[in-house]
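One-letter residues, chain by chain:
Number of protein chains: 2
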Amino acid sequence: MQIALVVYDRFTALDAVGPYEILSRMPDAETVFVARERGPVRTETGALALTADKALAEVPRPDVVVVSGGPGQHALMEDEVLLDWLRAADATSTWTTSVCSGSLLLAAAGLLEGRRATSHWLALDQLRPFGVEPTGERVVVDGKYVTAAGVSSGIDMALTLLGRIAGDDLAQAVQLGTEYDPQPPYDAGSPQKAPGHLVDMLRERSRFILT
Amino acid sequence: MQIALVVYDRFTALDAVGPYEILSRMPDAETVFVARERGPVRTETGALALTADKALAEVPRPDVVVVSGGPGQHALMEDEVLLDWLRAADATSTWTTSVCSGSLLLAAAGLLEGRRATSHWLALDQLRPFGVEPTGERVVVDGKYVTAAGVSSGIDMALTLLGRIAGDDLAQAVQLGTEYDPQPPYDAGSPQKAPGHLVDMLRERSRFILT
Numbered sequence: 348m349q350i351a352l353v354v355y356d357r358f359t360a361l362d363a364v365g366p367y368e369i370l371s372r373m374p375d376a377e378t379v380f381v382a383r384e385r386g387p388v389r390t391e392t393g394a395l396a397l398t399a400d401k402a403l404a405e406v407p408r409p410d411v412v413v414v415s416g417g418p419g420q421h422a423l424m425e426d427e428v429l430l431d432w433l434r435a436a437d438a439t440s441t442w443t444t445s446v447c448s449g450s451l452l453l454a455a456a457g458l459l460e461g462r463r464a465t466s467h468w469l470a471l472d473q474l475r476p477f478g479v480e481p482t483g484e485r486v487v488v489d490g491k492y493v494t495a496a497g498v499s500s501g502i503d504m505a506l507t508l509l510g511r512i513a514g515d516d517l518a519q520a521v522q523l524g525t526e527y528d529p530q531p532p533y534d535a536g537s538p539q540k541a542p543g544h545l546v547d548m549l550r551e552r553s554r555f556i557l558t
Numbered sequence: 348m349q350i351a352l353v354v355y356d357r358f359t360a361l362d363a364v365g366p367y368e369i370l371s372r373m374p375d376a377e378t379v380f381v382a383r384e385r386g387p388v389r390t391e392t393g394a395l396a397l398t399a400d401k402a403l404a405e406v407p408r409p410d411v412v413v414v415s416g417g418p419g420q421h422a423l424m425e426d427e428v429l430l431d432w433l434r435a436a437d438a439t440s441t442w443t444t445s446v447c448s449g450s451l452l453l454a455a456a457g458l459l460e461g462r463r464a465t466s467h468w469l470a471l472d473q474l475r476p477f478g479v480e481p482t483g484e485r486v487v488v489d490g491k492y493v494t495a496a497g498v499s500s501g502i503d504m505a506l507t508l509l510g511r512i513a514g515d516d517l518a519q520a521v522q523l524g525t526e527y528d529p530q531p532p533y534d535a536g537s538p539q540k541a542p543g544h545l546v547d548m549l550r551e552r553s554r555f556i557l558t
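From first to last, the protein sequence lines stand for chains A and B.
Numbered by my numbering, the letters in the first sequence go through residues 348 to 558 in order.
Numbered by my numbering, the letters in the second sequence go through residues 348 to 558 in order.
Keep in mind that the hints were calculated from the coordinates and are not lab data.
The reader is advised that the hints may include incorrect statements.
Copies of the same chain are indistinguishable here, so a pair counts whether it falls within one copy or spans any two.
[As the list claims (entries may be wrong)] The list that follows gives simulated cross-link-like pairs (lysine to aspartate or glutamate, DMTMM-like), each with its CA atoms no further than 20 Å apart:
1) K540 x D516
2) K401 x D437
3) K491 x D410
4) K540 x D515
Note that the coordinates shown come from a computational prediction; the quantities given were computed from them, not determined experimentally.
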């Protein structure tokens with residue numbers, strides 16, 4: 348089973364590495380990082396580069412597609428090379444998935460029309476113009492399309508997906524192996540839970556955070 | 348504030364990328380991935396390379412040290428280049444930290460002697476020969492030493508650390524920005540919670556997983 352993790356300039360590292368860490372532990376999984384060109388791809392901070400081992404064109408028919416989000420997503424919303432690849436990969440994929448603002452790229456490719464999907468809480472409203480029904484859920488499964496909310500939610504998405512693909516036993520073994528027993532020191536991980544002034548601050552800054 | 352994320356051949360990606368994703372969002376943080384040599388460093392699956400932008404020798408006095416774990420840790424337990432660098436960096440660091448079996452490298456460098464620390468649940472027992480008191484807690488703060496349990500726990504560790512460094516408000520803003528509101532589809536993330544047959548299976552396999 349080939350799993351293609353799509354990254355691009357100014358993506359968010361954890362969006363891709365969360366699902367990678369879970370899905371790559373599936374026996375017989377071939378996990379491959381792909382980008383427009385082979386080579387190092389920098390995250391939005393500039394402080395980290397991951398290597399895309401394959402160009403998009405070299406991975407035409409992955410079984411699972413995982414599209415990362417991040418500030419660089421904005422520049423790709425009309426990138427026909429990427430959008431065409433997404434459409435073609437989706438035509439034969441078993442699962443087409445995204446993390447964070449990666450769902451906006453799936454939406455821009457027309458793949459989520461008429462479906463329910465999620466995204467980073469600051470980006471949810473941007474799904475609607477593409478005919479997508481946004482939901483604030485952390486992981487949304489609609490047919491073969493699985494979308495995750497912001498950044499860290501890709502871990503929950505990947506465990507959900509792994510359970511569907513390989514069964515609950517393996518998914519739980521991977522959860523145990525990665526010791527995913529979250530104990531955040533704060534309870535501020537969603538706009539419903541975080542202090543209001545922080546929600547307001549991030550909303551104000553979102554033009555900068557997301558662009 | 349300079350934050351050095353130490354990686355090496357066959358490290359575990361999420362060990363490093365979890366803390367990176369949290370700590371790099373601190374204003375004025377300079378986050379840098381370091382390894383023995385500059386260049387791409389492969390994780391234990393072989394399916395992902397991260398770039399070490401600096402060699403250890405180029406980052407002699409980081410404020411924060413974060414040592415990743417992973418199967419490659421075993422081969423470094425007597426690597427005097429790394430252990431000497433850890434000792435020297437620790438001499439001036441504000442915080443010396445680890446994720447997963449990274450704590451075994453701190454222990455091998457003699458930095459945790461007489462302290463409480465944690466590690467991946469499968470590696471906890473290996474702390475004791477270095478005079479370290481293992482604890483099954485997810486994040487352990489003992490003086491300036493902060494150790495995290497397996498793989499995904501680096502996110503909780505980094506949020507804890509960020510709160511200490513920059514205050515609760517910023518840490519909560521980063522939790523909100525990364526939408527870290529975990530909702531795992533299973534409750535199998537620790538040996539106390541997972542089905543017994545999976546705990547046994549991973550214990551049996553640990554010679555292969557950890558080597």
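Cross-check of the supplied hints:
no.: 1; hint: K540 x D516; verdict: between (32 Å within a copy, 14 Å between copies)
no.: 2; hint: K401 x D437; verdict: within (18 Å within a copy, 38 Å between copies)
no.: 3; hint: K491 x D410; verdict: within (11 Å within a copy, 46 Å between copies)
no.: 4; hint: K540 x D515; verdict: between (29 Å within a copy, 15 Å between copies)
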